[in-house]
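Asks: Heads up, the sequence shown is in our numbering, so the first residue is 159 and it goes up one at a time.
For the record, the hints were derived by calculation from the structure and aren't laboratory data.
None of the values given here were measured: they were computed from a predicted structure.
Any given hint could turn out to be false.
What the hints assert, rightly or not - Subject to a maximum C-alpha distance of 25 Å in a straight line, what follows is the list of computed BS3-like cross-link-like pairs (lysine-lysine):
#1 181 x 204
#2 219 x 171
#3 263 x 520
#4 470 x 500
#5 520 x 255
To be verified - Between beta-carbon pairs, the in silico distance windows are:
#6 404 x 259: 21 to 27 Å
#7 163 x 489: 36 to 42 Å
#8 372 x 317: 17 to 23 Å
We treat Cβ as the ideally placed atom computed from N, Cα and C, and that holds for glycine.
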Amino acid sequence: MKINDILIVDTIKQDAFGRGIAKYNNFVIFVNNALPNEQLKIIIKKLKKNYAEANIVEIIKPSNSRRTYECIYYDKCGGCNIGHQCYGDQIQYKKNKVKELLNVKNIDIIKTNELNYRNKIVLRIKDKKVGLYEKLSNSVVEIDNCKISNNKINNIITKINDFKYIENINEITIRALDETMISFITNKNINKEIIEYFNFIDSIYINEKHVHGKKNISINLINTKYEVSNNSFFQVNLEGTIKLYNKIIEYSNLNKNDNILDLYCGVGTISLLLSKYCKQVYGIEEVKEAIENANYNKALNNIENVEFICGKVENELKNDIIIDVIILDPPRKGIDNKAIEKINRILPKKLVYVSCNPDTLKRDIEKLIEYKLEKISIIDMFPNTYHIETICLLTKK
Numbered sequence: 159m160k161i162n163d164i165l166i167v168d169t170i171k172q173d174a175f176g177r178g179i180a181k182y183n184n185f186v187i188f189v190n191n192a193l194p195n196e197q198l199k200i201i202i203k204k205l206k207k208n209y210a211e212a213n214i215v216e217i218i219k220p221s222n223s224r225r226t227y228e229c230i231y232y233d234k235c236g237g238c239n240i241g242h243q244c245y246g247d248q249i250q251y252k253k254n255k256v257k258e259l260l261n262v263k264n265i266d267i268i269k270t271n272e273l274n275y276r277n278k279i280v281l282r283i284k285d286k287k288v289g290l291y292e293k294l295s296n297s298v299v300e301i302d303n304c305k306i307s308n309n310k311i312n313n314i315i316t317k318i319n320d321f322k323y324i325e326n327i328n329e330i331t332i333r334a335l336d337e338t339m340i341s342f343i344t345n346k347n348i349n350k351e352i353i354e355y356f357n358f359i360d361s362i363y364i365n366e367k368h369v370h371g372k373k374n375i376s377i378n379l380i381n382t383k384y385e386v387s388n389n390s391f392f393q394v395n396l397e398g399t400i401k402l403y404n405k406i407i408e409y410s411n412l413n414k415n416d417n418i419l420d421l422y423c424g425v426g427t428i429s430l431l432l433s434k435y436c437k438q439v440y441g442i443e444e445v446k447e448a449i450e451n452a453n454y455n456k457a458l459n460n461i462e463n464v465e466f467i468c469g470k471v472e473n474e475l476k477n478d479i480i481i482d483v484i485i486l487d488p489p490r491k492g493i494d495n496k497a498i499e500k501i502n503r504i505l506p507k508k509l510v511y512v513s514c515n516p517d518t519l520k521r522d523i524e525k526l527i528e529y530k531l532e533k534i535s536i537i538d539m540f541p542n543t544y545h546i547e548t549i550c551l552l553t554k555k
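With these hints in hand, go ahead and build the complete structure from the sequences.
Replies: This is the structure in structure tokens:
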């Protein structure tokens, strides 16, 4: 086997990135945009010692799961990975992936709208082209809309494409909640031109500096108001967020005497939501701007039984506090080992772990030696991509 070889293969299943897996003389080949149970003519594009990567030349026998994805940029754009798979089968793929990884039998799965769900997008600009990166490339696919982004974002993209100073911009981040925010990375001082042209946006940042409108933008979620700043994390799928937070309430099953720790608390969304069900909440987050948002949101909602702490979770977490429930919503890299050691000493009666990375979730659960996995749900926050958001209930053994 060598680069550019043309082969006929049958696919077996999907890998962790949604690619089809085939074998040729017992040699593993990962096939981009392929689905299980397909016969394909492929071309070898990369060859490693233990595997090859290939692209489809011709679909000889398509899977029953295959569909035509309605995005005209899909073949090149790297934003979506499994849009060519029927949504119901995307769900089953994600369910099987988590079942296999965590060795569990029962998983609840909660669907969301598969299009127009994203409230944040990062656009790249190259050679006056505005768009998203190509798959596995730094080349830019020029777009005038994004099928998984919300309508507010797509309206702003239309305006961006007509901006005559676009060659002086390298990157644009758009956030569209109840209000809109746009952040530019520029290579020339065009602040005046940007502010004049985009003055309909509620908040404008240029090179990390606030230059127009409100400093933060707002969102009302489950009868709670939040303000979100330029660099603070906020879930990208609002429908999924509401379903996720309701599942957190269900798994936590709090009473008015419970003390709660909310680790990696961001702008305080989960802390403030749970405050009405318990005695006290402590939220820890290392991003200073997010903690400022969290404290503002606390005052905005007249909530008094929440305390926010700025710092790394592993440094701020104390061993000698009495906590009934810990909420964990770490970044993709998972929980720091030092933090896990402290959780194993604090020993709350339950942990509610929200994860966007099943691999680090599995690793962390194995290290939380005093706990067993009681329940797990998938909230499909990222339709048409291989990304998976899970929520687990862990109880003391």
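Asks: Hint by hint, note whether the structure agrees.
Replies: Now for the hints, and whether the structure bears them out:
no. : hint                  : result
1   : 181 x 204             : holds, 15 Å
2   : 219 x 171             : holds, 15 Å
3   : 263 x 520             : holds, 15 Å
4   : 470 x 500             : holds, 13 Å
5   : 520 x 255             : holds, 12 Å
6   : 404 x 259: 21 to 27 Å : holds, 25 Å
7   : 163 x 489: 36 to 42 Å : holds, 40 Å
8   : 372 x 317: 17 to 23 Å : holds, 19 Å
In this structure, none of the earlier numbered hints is contradicted; all agree with it.
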